[in-house]
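Participant: Below are the chains, spelled out letter by letter.
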Amino acid sequence: MKQQTVQPGWVRVTHWINALAVVVMVTSGWQIYNASPIFSALTFPAGITLGGWLGGALQWHFAAMWLLVANFIAYVVLNTATGRFQRKLWPVSVKSVVADALAALRGKLGHDDLSQYNAVQKFAYLAVIADLVIVILSGLAVWKSVQFPMLRTLMGGYDSARVVHFFAMSFLVAFFVLHVVMVALVPRSLLLMIRGR
Amino acid sequence: MSIRKILTGVSGLDAASIIKDAQKELKAPARRLFGKRILTLGGLAMLSGCDLTNDKSVNAMLRKMSSFNDDAQALLFDPNKLAPTYPESMITRPFPFNAFYDIDEVPEVDPATYRLQVGGLARGKRVWTLEELRALPQESQITRHICIEGWSAIGKWGGVRFADFLARSGADTTAKYVAFQCADNYSTSIDMPTALHAQTLLTLTYDGQVLPPKYGFPMKLRMPTKLGYKNPKHIVSITVTNQYPGGYWENQGYNWFGGS
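Protein chains in written order, with my numbering: chain A, 1 to 197; chain B, 1001 to 1260.
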């Protein structure tokens, strides 16, 4: 009996490339952050950072950014072209998100059909896609604040672009943690993202 | 049962519970293996984190990407785009001191004997005194200095437009690079389009006063289109060249273009 593929190959490939790029960007980003912390009370332990020193971390960050951006563009273009965004992530309403979130907290949200996302999932995936856009744009504003005046203004100036970049990273990390916890609770979903069914 | 006797006799531990634990462990070899693998995977990831940074081929790849990023930034650089300027009220006070050494090691340059040398592909005036530089047309700017570490500060610098200085020195402006040697043994180099940018100034003053030693006396090249480490202080020689000159931080791994 042949099971239906739920996650096509391009979804799985872009998902794992994104995962790799995000881990490299975040851990090297933490090392860069440490060189001049935005919040004096917060620095990241050297053991969870990448690059060894500021110069090394910047090399990783500015190498992996191309992977992150190119892969993200491919992901968005393919999702839009195939109508997958429309099918999988839409429609989503505040009411349905609240209802599903309450059901999940009571342990009454089913995962029988992994091909259908519940409202909380839809919302989380849409939010993290939007967050990646903010991460990329704020990063671009920090990197090239003189060359992109519009973007710099949109982010509220150079210094504030750094703060936006920091909080967009924080949201991404929070999503990552929740995402991994959910995968641990429903291990079939990990197989699904590897095998496609 | 002899193990139980020994354990009870020698250490007085609850042998029964130890054996129970051991038996439970043995019953779940699959679980144990899984646990071990998770630990090993974590260990491996941590180790490879260290190794990745030291590995030669990875370093070569990172250097290649950094040089690709030099080209990307050269493409992004718009010679006509100006960095934002600010009112006097926004100047950061005190403006931070920053160098690869402490403030008590700032070099002392004697203004009377100081000479700025221009070398390489230049056919004009090759030796400049401070007085001659001060006699050239001066302009000033209040711009944001952005450090590679992430912090930024707004300062006011005054001096000679570098494009004007290069013209008076008869520099070949079709050359690729301009390199700088400094009194504190610092060195760096920049691309010609940035050298010719309207806001690139050979500065002699800070906030209306003679540039103090901590900010680079007798002169600092100020480029609001580049990060702080690209802005050399205490410059003693300028070389126009087509050979890649590198620099103090660039040779250690900072990106060469360092544009903002």
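Derived by calculation from the structure, the hints in this document are not laboratory data. Incorrect hints may have been included.
[What the hints assert, rightly or not] Calculated pairs, DSBU-like style, for lysine-lysine (alpha carbon to alpha carbon, straight line, at most 35 Å):
{"hint": "1", "chain 1": "A", "residue 1": "LYS144", "chain 2": "A", "residue 2": "LYS108"}
{"hint": "2", "chain 1": "B", "residue 1": "LYS1176", "chain 2": "B", "residue 2": "LYS1081"}
{"hint": "3", "chain 1": "A", "residue 1": "LYS144", "chain 2": "B", "residue 2": "LYS1176"}
{"hint": "4", "chain 1": "B", "residue 1": "LYS1125", "chain 2": "B", "residue 2": "LYS1056"}
{"hint": "5", "chain 1": "A", "residue 1": "LYS108", "chain 2": "A", "residue 2": "LYS122"}
{"hint": "6", "chain 1": "A", "residue 1": "LYS108", "chain 2": "A", "residue 2": "LYS95"}
{"hint": "7", "chain 1": "B", "residue 1": "LYS1056", "chain 2": "B", "residue 2": "LYS1176"}
{"hint": "8", "chain 1": "B", "residue 1": "LYS1064", "chain 2": "A", "residue 2": "LYS144"}
{"hint": "9", "chain 1": "A", "residue 1": "LYS144", "chain 2": "B", "residue 2": "LYS1081"}
{"hint": "10", "chain 1": "B", "residue 1": "LYS1081", "chain 2": "B", "residue 2": "LYS1056"}
{"hint": "11", "chain 1": "B", "residue 1": "LYS1176", "chain 2": "B", "residue 2": "LYS1125"}
{"hint": "12", "chain 1": "A", "residue 1": "LYS144", "chain 2": "B", "residue 2": "LYS1214"}
{"hint": "13", "chain 1": "B", "residue 1": "LYS1056", "chain 2": "A", "residue 2": "LYS144"}
{"hint": "14", "chain 1": "A", "residue 1": "LYS95", "chain 2": "A", "residue 2": "LYS122"}
{"hint": "15", "chain 1": "B", "residue 1": "LYS1081", "chain 2": "B", "residue 2": "LYS1125"}
Participant: For every hint, state whether the structure bears it out.
Facilitator: The hints, checked one at a time:
Under the criterion of a C-alpha separation no larger than 35 Å, the hint pairing LYS144 (chain A) with LYS108 (chain A) is inconsistent with the structure, at around 48 Å. Pair hint LYS1176 (chain B) plus LYS1081 (chain B) holds up; C-alpha atoms about 20 Å apart against a cutoff of 35 Å. Among the hinted pairs, LYS144 (chain A) with LYS1176 (chain B) is consistent with the structure: their alpha-carbon atoms are about 22 Å apart, no more than 35 Å. Taken as a hint, the LYS1125 (chain B) and LYS1056 (chain B) pair is broken in the structure, with Cα atoms around 45 Å apart against an allowance of 35 Å.
The straight-line distance between the Cα atoms of LYS108 (chain A) and LYS122 (chain A) is roughly 18 Å, inside the 35 Å bound, and the hint therefore holds. Simply put, LYS108 (chain A) and LYS95 (chain A) have alpha-carbon atoms about 17 Å apart, close enough for the 35 Å limit, and the pair holds. In summary, the hint linking LYS1056 (chain B) to LYS1176 (chain B) is supported, as the alpha carbons are separated by about 29 Å, within the 35 Å threshold. For the given pair, LYS1064 (chain B) sits about 20 Å from LYS144 (chain A) by alpha-carbon distance, which is consistent with the 35 Å threshold.
Note on LYS144 (chain A) and LYS1081 (chain B): the hinted pairing holds, with a Cα-Cα distance of about 12 Å set against a maximum of 35 Å. Only pairs whose Cα atoms come within 35 Å are accepted, and LYS1081 (chain B) paired with LYS1056 (chain B) is rejected, the gap being roughly 39 Å. Proximity of LYS1176 (chain B) to LYS1125 (chain B) is assessed by CA-CA distance (about 20 Å); at most 35 Å being required, the pair is judged to hold. At roughly 28 Å between alpha-carbon atoms, LYS144 (chain A) and LYS1214 (chain B) fall within 35 Å of each other, so this suggested pair holds.
At roughly 30 Å between alpha-carbon atoms, LYS1056 (chain B) and LYS144 (chain A) fall within 35 Å of each other, so this suggested pair holds. With a C-alpha separation of about 13 Å, the suggested pairing of LYS95 (chain A) with LYS122 (chain A) holds against the 35 Å cut-off. As the CA atoms of LYS1081 (chain B) and LYS1125 (chain B) are separated by approximately 30 Å, the hinted pair is consistent with the 35 Å bound.
When held up to the earlier numbered hints, the structure conflicts with 1, 4, 10 and fits the remainder.
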